[in-house]
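Enquirer: For the protein sequence lines, the chains are Y and H, in the order given.
Residue numbers 1 to 306, in UniProt numbering, belong to the letters of the first sequence in order.
Residue numbers 1 to 306, in UniProt numbering, belong to the letters of the second sequence in order.
Derived by calculation from the structure, the hints in this document are not laboratory data.
Careful, some of the hints might be misleading.
To be clear about the criterion: a stretch of chain Y counts as covered by chain H if any three or more of its residues have a C-beta under 8 Å from a C-beta of chain H, and this derived list gives those stretches [stated by the list, open to error]: (1) 181-187; (2) 208-215; (3) 226-233.
Since the model is a prediction, treat every value here as computed from it, not as a measurement.
Every residue, glycine too, gets a C-beta built ideally from N, C-alpha and C.
2 protein chains.
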Amino acid sequence: MKLLVVGSVAFDAIETPFGKTDKILGGAATYISIASSVLGVESGIVSVVGGDFPQTDLDMLSGRGVNIEGIEIIKEGKTFFWSGKYHNDLNSRDTLVTEVNVLENFDPKIPESMQDAEILLLGNLHPGVQLSVLEKMHNRPKLVILDTMNFWMDSALDILMQMIAKTDVISINDEEARQLSGEYSLVKAAQKIHAMGPQFVIIKKGEHGALLFHEGKIFAIPALPLEEVYDPTGAGDTFAGGFASYLAKKEDFSFETMKSALIVGSAMASFTVEKFGTQRLEEVTETEMIERINSFKELTTFEVNV
Amino acid sequence: MKLLVVGSVAFDAIETPFGKTDKILGGAATYISIASSVLGVESGIVSVVGGDFPQTDLDMLSGRGVNIEGIEIIKEGKTFFWSGKYHNDLNSRDTLVTEVNVLENFDPKIPESMQDAEILLLGNLHPGVQLSVLEKMHNRPKLVILDTMNFWMDSALDILMQMIAKTDVISINDEEARQLSGEYSLVKAAQKIHAMGPQFVIIKKGEHGALLFHEGKIFAIPALPLEEVYDPTGAGDTFAGGFASYLAKKEDFSFETMKSALIVGSAMASFTVEKFGTQRLEEVTETEMIERINSFKELTTFEVNV
Chain Y
1 MKLLVVGSVA FDAIETPFGK TDKILGGAAT YISIASSVLG VESGIVSVVG
51 GDFPQTDLDM LSGRGVNIEG IEIIKEGKTF FWSGKYHNDL NSRDTLVTEV
101 NVLENFDPKI PESMQDAEIL LLGNLHPGVQ LSVLEKMHNR PKLVILDTMN
151 FWMDSALDIL MQMIAKTDVI SINDEEARQL SGEYSLVKAA QKIHAMGPQF
201 VIIKKGEHGA LLFHEGKIFA IPALPLEEVY DPTGAGDTFA GGFASYLAKK
251 EDFSFETMKS ALIVGSAMAS FTVEKFGTQR LEEVTETEMI ERINSFKELT
301 TFEVNV
Chain H
1 MKLLVVGSVA FDAIETPFGK TDKILGGAAT YISIASSVLG VESGIVSVVG
51 GDFPQTDLDM LSGRGVNIEG IEIIKEGKTF FWSGKYHNDL NSRDTLVTEV
101 NVLENFDPKI PESMQDAEIL LLGNLHPGVQ LSVLEKMHNR PKLVILDTMN
151 FWMDSALDIL MQMIAKTDVI SINDEEARQL SGEYSLVKAA QKIHAMGPQF
201 VIIKKGEHGA LLFHEGKIFA IPALPLEEVY DPTGAGDTFA GGFASYLAKK
251 EDFSFETMKS ALIVGSAMAS FTVEKFGTQR LEEVTETEMI ERINSFKELT
301 TFEVNV
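In isolation and in its complexed conformation, chain Y is listed as follows:
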């Protein structure tokens, strides 16, 4: 097992200017592990679902080579459910429903088969739960990647700071980086977040791409300009999944490899937004993925001789 993913496996109901869905498969760990499988990287999920979670979805994941041994099923419980409506610009959304359900008392249990994971990717969850995962690992994984959000900065900052101190790579968006650091300049924000623990700071800027900071060095990528974004749900998780899986595949955590991993994550995320939910990501072939990565090269490559 290369990559251990701890995060939600859930239901989403989504409305965008292009349409709406009933309850469909969602959750950070779901997007992350599907992205891993596209890259041919073995991942395992630690999560919890209710008795209402369809066997077909579990079968889909294990059919893709995802280890689902760590997905606890609480028969009498209900699966986490989120419903949201995106505004016309798709950059902002209103949450309509959040039913935390079985995630309320989530006590992650790490199967023995997953104890040897080299990379631990902690999807957005209560930082106390994220910390408990790290404590339950027999050995610290070589790389700990943390995804979090402003909600935990508002409600559980102390324990979040403890979690961040134990993190190698943190992935947050620009507004969250500003909130966490109290700095408007993202360069200064990254410096302050470095000082909290992580050697690598990824700042996601949605349609404007992402920045990677490490020891005074900066790498910047644009997002692939798309004619339409149908549904941004899961894009950040897919990005994290592609990023972590590329590192797992290369077994190298240098700045140079992280740069490539950022491209792979962005390429994967550009698929996710093309259809609702996990639909498009599930269809991606290796050829398509390579083409998409080449598009990034074309998008950003230049020569200058002044």
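Chain Y is already provided as a structure; the job is to place chain H on it using the hints.
Expert: Coordinates of chain H only, in the frame set by chain Y:
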């Protein structure tokens, strides 16, 4: 004469979170031509100032090799003056004072020495004035670059559309591209703007970089992440100046050269914002400029092998 610049030569009084200035040298044509001189490209300005405009500023420009024969001085008039205050995030600003003065009845006169310009860069002015310049050229320049803004979309759309139809390269920001096209997706917006005339569409995104669209191809660059932006005034003009001057230097208007020109423009603009007004841009050495361009390469270069 390689590059003919038509635009304001003016006074600005600027307030940012880092300080404030009295009336200092400003204006689109000023920034553009200083950028040209840094790149060693001969430019000429067509503009108008009042009797209050200091000879020292004119001397500074001609000392840099800028042809100032086309800067009309209306002795009894006053120079255009703008005063603005930037908000804390430096992404938005309030205009405190706009005194149009001699620019109100600006009737551009193109000296014979500038009639052979290969590139015409039309800085942000009333589109009627921009059109009149094109009519006054004996021969159409090889490349017409247009800068404009939402103000003219609101107040003079018909004549702006006539001007856009005669433009090769249009440079506008993301919000303006959306307003002009009625499309939120910048890819779709660029398609619609192509259909209005320009073969090349540059969409500026401030701190998020810029996009270049041409015949279905896209090139994207990030802005150089800076610790502090002291004063964004003139950044867009400097960008346009660096862009146009690089093309003038290379005497080539292919997509590949335009890509490089975008990098050069961004590199130049990254200097302008480091101090108030034209101060930093005036100090830039060739070595610094080459270093800055190399920083862009480091910022964006990657290798991926999936």
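Enquirer: All the hints need checking, so say for each whether the structure fits it.
Expert: Against the structure, the hints come out as follows:
1. 181-187: n = 4 at 8 Å, threshold three: holds.
2. 208-215: holds (count 3)
3. 226-233: Result for this restraint: holds, n = 4.
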